[in-house]
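> The sequence shown begins at 1 in UniProt numbering and counts up by one.
Check the hints yourself; a few may be wrong.
[What the hints assert, rightly or not] Cross-link-like lysine to aspartate or glutamate pairs, in silico, EDC-like; alpha carbons within 16 Å at most:
| no. | residue 1 | residue 2 |
| --- | --- | --- |
| 1 | 207 | 363 |
| 2 | 293 | 316 |
| 3 | 184 | 149 |
| 4 | 308 | 332 |
| 5 | 293 | 565 |
Please keep in mind that the hints were generated in silico from the structure rather than gathered at the bench.
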Amino acid sequence: MSARRGKETAGKQENAAASFASESASCSSEEDYRYEEVFPGKQRSVEEGEEDLQVALTAAREAEEETRATQRRHIPNIPEAVDDFLQNFLQKLGLSRTLRSFQAEWYGSVRDSVFIPDALTHKRLLLSELAAVRTDTERLQQTVLAAGENLGKMRRERDFHRMQHLRVSQEKSRLVEDVERLRKHYESYEPALLQLRKKHQAALRQKMLLSLDRDRLKSTTKPGFTEKKHQKKTDNSATNIKTITLPAHKAPPPERTECPVSIRVGPHLDQTRSPIPWEDKSPGSFSISCSIKAHELPISCLDLHPHKHILASASDDHLWRLWVGQMLLTGEGHTDWLSGCSFHPDGGQIATTSGDTTVRLWDFTHGCCLLTLSGHSQATWGCTFHSFGDVLASCSADGTVRLWDLSSQRCRRTLRHHSASVSSVSFLPLSDLLLTCSVDRTVCLFDTRLGICTQMLRGHQHPCSHAAFSPQGNAVASCDAHGVVKLWDIRKPSVVVSMNTGPMSGNQVAFSPSGGTLAVAGGDGEVKLLELVSRSVLGLSGHSGAVQSVLFNCTGQSLMSSGTDGFILLWE
Numbered sequence: 001m002s003a004r005r006g007k008e009t010a011g012k013q014e015n016a017a018a019s020f021a022s023e024s025a026s027c028s029s030e031e032d033y034r035y036e037e038v039f040p041g042k043q044r045s046v047e048e049g050e051e052d053l054q055v056a057l058t059a060a061r062e063a064e065e066e067t068r069a070t071q072r073r074h075i076p077n078i079p080e081a082v083d084d085f086l087q088n089f090l091q092k093l094g095l096s097r098t099l100r101s102f103q104a105e106w107y108g109s110v111r112d113s114v115f116i117p118d119a120l121t122h123k124r125l126l127l128s129e130l131a132a133v134r135t136d137t138e139r140l141q142q143t144v145l146a147a148g149e150n151l152g153k154m155r156r157e158r159d160f161h162r163m164q165h166l167r168v169s170q171e172k173s174r175l176v177e178d179v180e181r182l183r184k185h186y187e188s189y190e191p192a193l194l195q196l197r198k199k200h201q202a203a204l205r206q207k208m209l210l211s212l213d214r215d216r217l218k219s220t221t222k223p224g225f226t227e228k229k230h231q232k233k234t235d236n237s238a239t240n241i242k243t244i245t246l247p248a249h250k251a252p253p254p255e256r257t258e259c260p261v262s263i264r265v266g267p268h269l270d271q272t273r274s275p276i277p278w279e280d281k282s283p284g285s286f287s288i289s290c291s292i293k294a295h296e297l298p299i300s301c302l303d304l305h306p307h308k309h310i311l312a313s314a315s316d317d318h319l320w321r322l323w324v325g326q327m328l329l330t331g332e333g334h335t336d337w338l339s340g341c342s343f344h345p346d347g348g349q350i351a352t353t354s355g356d357t358t359v360r361l362w363d364f365t366h367g368c369c370l371l372t373l374s375g376h377s378q379a380t381w382g383c384t385f386h387s388f389g390d391v392l393a394s395c396s397a398d399g400t401v402r403l404w405d406l407s408s409q410r411c412r413r414t415l416r417h418h419s420a421s422v423s424s425v426s427f428l429p430l431s432d433l434l435l436t437c438s439v440d441r442t443v444c445l446f447d448t449r450l451g452i453c454t455q456m457l458r459g460h461q462h463p464c465s466h467a468a469f470s471p472q473g474n475a476v477a478s479c480d481a482h483g484v485v486k487l488w489d490i491r492k493p494s495v496v497v498s499m500n501t502g503p504m505s506g507n508q509v510a511f512s513p514s515g516g517t518l519a520v521a522g523g524d525g526e527v528k529l530l531e532l533v534s535r536s537v538l539g540l541s542g543h544s545g546a547v548q549s550v551l552f553n554c555t556g557q558s559l560m561s562s563g564t565d566g567f568i569l570l571w572e
């Protein structure tokens, strides 16, 4: 290919030289050719030859400078063999002046032109680029090696975790099989457990009936009451239905429209004009004599049977239970947490309040729910029976207190005086006075027959959580969310004693039978005993959570408490 191209180039050069020689011969042969003057219009002489030469040289230099400037601006890409071809061609034709001019302009333009890299420089540039490429290659090789190592490590970890997952899956399958086998084994014992549970409930019911029979035999000698007993036999056991009626001259109508009239006189009402009979004795030292894990969830309320050593508990697990050292009965039916419980005055029934906005009445004889009282729009917080047992009062978070007539199973009156949730409610024994406290930081006394608020006690700076009557009936104790306990004289009314057991809340207060000691269920896990005369405070620690309920027994020698830990503690 290169030889062919060389031959073609030589042929082209010979043709160009021949054409140029023919043109020169034709030009020389013409005789009538006239040369034009370089500077027309001027007469040149021999003397002026030197000046013309200088002018020509100056013009040549200017032209050369212009040519160089033009070449600096633009340098054409001239092949390497052109200059040799032109020099040989001009030398062959004998154009020496043209050759010298060509050489001067050509080599001058080459010297003044931009840098034209030679082979060595080009080699150095290529070597530097090659070194940079090798450096990048080495770096990429190191990166690839590191990535390969990481990939191998991740593959090993993947294999390890895959094996662990396989092992865990096998263990899970084995455990599922074991659980299924245990469930079938448990289902095989379910009929026997159900039968044993029924026998246990029947035995407990029979024991309760015998206890109630003994109570009825003892209460037949009390004036003003008659007792009727009906026997109803079934296939399994006999059920006693007890009804208490008033004397004939005081018998209420079949459907009562208002609260019953109190026919008994309170044993302490004659002392309303006397001072509050506090005992000047210290509460003494209490210690835990018994601890019962009653519920799995917090216990909200305790109540003591009016005649027997039976304790009732209500819990957040939707259950209420009866305890005589051990569990006697369990009641279930509420669909939400229980907030309170209260025994009927005759001891044969119990009322419970719950977060499901209902109040339920339970019968121990039949072991079922007799009534479900619905009317509150929000959760019910507590309930209490009138001394006759025919009226039940309940309080709710809707800010109302409702009086339920159990004979007609209807709400006979709604007390609306508080502006916020009503926390507790309690009747003064053998009276129509009803005590309430509310989140609006007030304590109120209502006349349930008239349905009006007779007294409003103001003084708490925080929401009230509970209030209770003293045994004498002429004082009221209340506690609030910051542990402040106040004792009110309802005859004035005024604050007699104010004590701070905080900073945690006081959840419930209870008077001792003598009225000289006040027990407070503290939110800090302690039961506070307040001596009202000396105003001293004794803390009893035993609960692992907040104490929710506290009460004394009839003699005042025992104290019962319950809390969020689900335990019932008996203090002696």
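> Each hint: holds or not?
Consistency of the hints with the structure:
Annotation: proposed proximity of residue 207 to residue 363 holds, straight-line Cα distance about 15 Å (limit 16 Å). For the hint pairing residue 293 with residue 316, the CA-to-CA distance comes to about 14 Å; that is within 16 Å, so the pair holds. Note on residue 184 and residue 149: the hinted pairing is violated, with a Cα-Cα distance of about 53 Å set against a maximum of 16 Å. Between residue 308 and residue 332, the direct Cα distance comes to roughly 23 Å. Violation of the 16 Å bound is thereby established for this hinted pair.
A distance of roughly 9 Å separates the Cα atoms of residue 293 and residue 565; the hinted pair therefore holds under the 16 Å criterion.
When held up to the earlier numbered hints, the structure conflicts with 3 and 4 and fits the remainder.
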